[in-house]
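The lines below spell out each chain.
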Amino acid sequence: MRISLVRQLLLLLGLAFLPAIGQAVYYRNSISWAQPPVDSAPVSLAQTESWGGSVLWLDARPDEQFVRRHIPGALQLNEDRWDELLRAMLVQWSPTRKVVVYCSRESCHASHEVAERLRKEAGLTNVYVLQGGWEEWETAHR
Amino acid sequence: MKIRTAFLIVSLSALLLGQAGAALVWEQKEADLHPALTDKTAVAHFKYKNTGDKPVKITSVHASCGCTTAALAKETVAPNESGEITATFTIGERSGVQNKTITVRTDDPTEPATILKLKATIPQLLQVAPMFVRWTANDELNPKTITVDVDPEYSVEKINVTSTDKSIKTEVAPVPDKKEFRITVKPTESGRPINASLKIEPVLKQEAHKSYYANVQIDSRAKMPAQ
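Chains as they are written, first to last, in the numbering used here: chain W, 1 to 142; chain C, 1001 to 1227.
Next comes chain C alone, as it looks inside the complex (with noise of 0.2 Å):
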């Protein structure tokens, strides 16, 4: 009986004083970001205390993604110290939902790697489906359809569209009842290969210059359909 409950005993001992040795603890792990649509980046705090009585070393940090930065405030913290890790999440010309980690590695033998998790939610304004149109040496040049559907929290007057090729034709239409435009794509002229470039820009009443785009491919021997 003394046996067992001396097993029991030490057994559950253990276990505690695992998780008491475990200096650094961190406020959150994980972050859920939602930036605006003109917002460049987004930014995460991941916020820590060492609640040991040992200093704790934070040996490196690493994100998983160039798109990531950690910045560090402090190397070495102090027992009873608190701290924080900032993460800058570049969102250039990313879109849908973003997840990324960062490995904060220590000295502290209870806990050498933490993993941090930031999640970032791109909103996008227009979803542009298919964003390559092309015709190929069989094709006849019929015009071809781009939809262009406006995310629901946001009001799009109307889209203008412009092509870096001038033989590329466009009108625009919007779908009733729906917040969708299509967008009616003409090749006017054949026996040259055309890559041209759709800039499709949304008038909206927020405060939001973006542009998006939809590429046009034509390759020289498609011909004109017969009148």
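The shape of chain W in the complex, shown without the other chains (with noise of 0.2 Å):
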């Protein structure tokens, strides 16, 4: 009986994974949704207040989020006017300020892509991430 059930459930598992095979041989040539490893060093609040005014803060959230509030003292750099606005990023940076750079919340995307392309076009390191964005700085300062 005990064997029996143990066939059962490997014809059901067998049957499940019949049309997953079948999904992977129709899309063998489809387009990879995989996201390249993306190298951002993480930071927490409590690092970058360690670091005091050594901190260059960047908002990278768009600009109707920017004008209603940021951390003070942030700057904007956002994709969408990158040109102009790493222009004036470049005019307050200077080697020794690490750069932090926020979106708003952990599961947004926007910081790290402007922290990769800090690193990787213009060279700058110590460029962090802030854990948890701009929602975790806002509850911790209310």
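Check before you lean on any hint, since a few could be wrong.
Claimed, not checked - Straight-line alpha carbon distances no greater than 27 Å define the calculated DSSO-like cross-link-like pairs of lysine-lysine that follow:
| hint | chain 1 | residue 1 | chain 2 | residue 2 |
| --- | --- | --- | --- | --- |
| 1 | C | Lys-1119 | C | Lys-1074 |
| 2 | C | Lys-1178 | C | Lys-1205 |
| 3 | C | Lys-1144 | C | Lys-1119 |
| 4 | C | Lys-1144 | C | Lys-1186 |
| 5 | C | Lys-1158 | C | Lys-1178 |
| 6 | C | Lys-1117 | C | Lys-1040 |
| 7 | W | Lys-120 | C | Lys-1169 |
| 8 | C | Lys-1223 | C | Lys-1210 |
| 9 | C | Lys-1158 | W | Lys-120 |
| 10 | C | Lys-1074 | W | Lys-120 |
| 11 | C | Lys-1040 | C | Lys-1210 |
| 12 | C | Lys-1119 | C | Lys-1210 |
| 13 | C | Lys-1057 | W | Lys-120 |
| 14 | C | Lys-1144 | C | Lys-1166 |
| 15 | C | Lys-1074 | C | Lys-1029 |
| 16 | W | Lys-120 | C | Lys-1040 |
| 17 | C | Lys-1210 | W | Lys-120 |
| 18 | W | Lys-120 | C | Lys-1117 |
| 19 | C | Lys-1158 | C | Lys-1223 |
| 20 | W | Lys-98 | C | Lys-1074 |
| 21 | C | Lys-1040 | C | Lys-1179 |
| 22 | C | Lys-1158 | C | Lys-1144 |
| 23 | W | Lys-120 | C | Lys-1119 |
| 24 | W | Lys-120 | C | Lys-1047 |
| 25 | C | Lys-1169 | C | Lys-1029 |
| 26 | C | Lys-1117 | C | Lys-1166 |
| 27 | C | Lys-1158 | C | Lys-1119 |
| 28 | C | Lys-1040 | C | Lys-1205 |
| 29 | W | Lys-98 | C | Lys-1029 |
| 30 | C | Lys-1210 | C | Lys-1166 |
| 31 | C | Lys-1158 | C | Lys-1117 |
| 32 | C | Lys-1186 | C | Lys-1169 |
| 33 | C | Lys-1169 | C | Lys-1158 |
| 34 | C | Lys-1029 | W | Lys-120 |
| 35 | C | Lys-1057 | C | Lys-1144 |
| 36 | C | Lys-1144 | C | Lys-1117 |
No lab work stands behind these hints: they were computed from the structure.
With the hints in hand, could you dock these two chains into one complex?
In structure tokens form, the structure reads like this:
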């Protein structure tokens, strides 16, 4: 009885695998959605506070969110107006400053993308991404 | 034997019923977009049909990025009715491959959330590297080189470079047998901090008015090289 139950379970598993295998074969040349690994160094809010005034905050959110509220002293750097904003940001930047990028919340990607471009295109080091983003900062400073 | 057969039938029925209950059927859940050089947006259409026998209410449509908006024609989809979600991705000054998602939530208990995927490959006419050159306090103000690679699909005859600071001189030279230019950046003044940007404008046959930028930073303590 036990053996037949195992056989039935295996049969069901096999049936479940059939469409999956078919899909894998049918879509074998389909586009890949795998994101390339993003080398963003995440940093906690507590850690940034220990760095004091050496932090250069960068807000990667869209313009309207930045205008509504942002971390005091933060500069805007989003990909909608990358060239213009980067120019203004580099005037404030110096190698001794730690650049911390944030976006809306933990799940947003904009801060990672901006941090990646700063490293790759501008060759900056000391670039970090704030864990939890603006949401985390706002909660801590209510 | 009868128990075994009944077990098998019940399991298979559950499996099949689960599939039949999925009311919103999507024509495609992934879109691969290739906008042109001058395009400001890239648009994807995700078509669906309610194949169930009850209306399905779309409760929310949420994009993963502020750069993507998703427009919904109807909130409630009647049985046998079709519709679509139009996702508009604003290119802005983004580059490379962009992957965005749109989460569609419905009141259909068999599939309460569907993730639609949008991939946009943004053409980059010129690749400027490095796009930030700087001379620090201990540096001598010797010339530095910026390389500009041209996308093989385009024909760029020349590039024009202008600096926002007159003390920064530039010389452009094409690299023979390569779709590449080299910009030599020469500081001609010291003793003051300089933050300048170089506007790089490609001259090409196609209609594609886009400028690229490189940035220059010079510390006031950097010295001119000894003659």
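Okay, the hints, checked on the actual structure:
no.: 1; hint: Lys-1119(C) <-> Lys-1074(C); verdict: holds (25 Å)
no.: 2; hint: Lys-1178(C) <-> Lys-1205(C); verdict: holds (18 Å)
no.: 3; hint: Lys-1144(C) <-> Lys-1119(C); verdict: violated (37 Å)
no.: 4; hint: Lys-1144(C) <-> Lys-1186(C); verdict: holds (7 Å)
no.: 5; hint: Lys-1158(C) <-> Lys-1178(C); verdict: holds (13 Å)
no.: 6; hint: Lys-1117(C) <-> Lys-1040(C); verdict: holds (20 Å)
no.: 7; hint: Lys-120(W) <-> Lys-1169(C); verdict: holds (25 Å)
no.: 8; hint: Lys-1223(C) <-> Lys-1210(C); verdict: violated (35 Å)
no.: 9; hint: Lys-1158(C) <-> Lys-120(W); verdict: holds (25 Å)
no.: 10; hint: Lys-1074(C) <-> Lys-120(W); verdict: violated (43 Å)
no.: 11; hint: Lys-1040(C) <-> Lys-1210(C); verdict: holds (11 Å)
no.: 12; hint: Lys-1119(C) <-> Lys-1210(C); verdict: holds (22 Å)
no.: 13; hint: Lys-1057(C) <-> Lys-120(W); verdict: violated (44 Å)
no.: 14; hint: Lys-1144(C) <-> Lys-1166(C); verdict: holds (17 Å)
no.: 15; hint: Lys-1074(C) <-> Lys-1029(C); verdict: holds (18 Å)
no.: 16; hint: Lys-120(W) <-> Lys-1040(C); verdict: holds (24 Å)
no.: 17; hint: Lys-1210(C) <-> Lys-120(W); verdict: holds (21 Å)
no.: 18; hint: Lys-120(W) <-> Lys-1117(C); verdict: holds (26 Å)
no.: 19; hint: Lys-1158(C) <-> Lys-1223(C); verdict: violated (32 Å)
no.: 20; hint: Lys-98(W) <-> Lys-1074(C); verdict: violated (47 Å)
no.: 21; hint: Lys-1040(C) <-> Lys-1179(C); verdict: holds (26 Å)
no.: 22; hint: Lys-1158(C) <-> Lys-1144(C); verdict: holds (20 Å)
no.: 23; hint: Lys-120(W) <-> Lys-1119(C); verdict: holds (21 Å)
no.: 24; hint: Lys-120(W) <-> Lys-1047(C); verdict: violated (37 Å)
no.: 25; hint: Lys-1169(C) <-> Lys-1029(C); verdict: violated (51 Å)
no.: 26; hint: Lys-1117(C) <-> Lys-1166(C); verdict: violated (47 Å)
no.: 27; hint: Lys-1158(C) <-> Lys-1119(C); verdict: violated (32 Å)
no.: 28; hint: Lys-1040(C) <-> Lys-1205(C); verdict: holds (20 Å)
no.: 29; hint: Lys-98(W) <-> Lys-1029(C); verdict: violated (40 Å)
no.: 30; hint: Lys-1210(C) <-> Lys-1166(C); verdict: holds (23 Å)
no.: 31; hint: Lys-1158(C) <-> Lys-1117(C); verdict: violated (38 Å)
no.: 32; hint: Lys-1186(C) <-> Lys-1169(C); verdict: holds (5 Å)
no.: 33; hint: Lys-1169(C) <-> Lys-1158(C); verdict: holds (17 Å)
no.: 34; hint: Lys-1029(C) <-> Lys-120(W); verdict: violated (31 Å)
no.: 35; hint: Lys-1057(C) <-> Lys-1144(C); verdict: violated (60 Å)
no.: 36; hint: Lys-1144(C) <-> Lys-1117(C); verdict: violated (42 Å)
Hint violations for this structure: numbers 3, 8, 10, 13, 19, 20, 24, 25, 26, 27, 29, 31, 34, 35, 36, all remaining hints satisfied.
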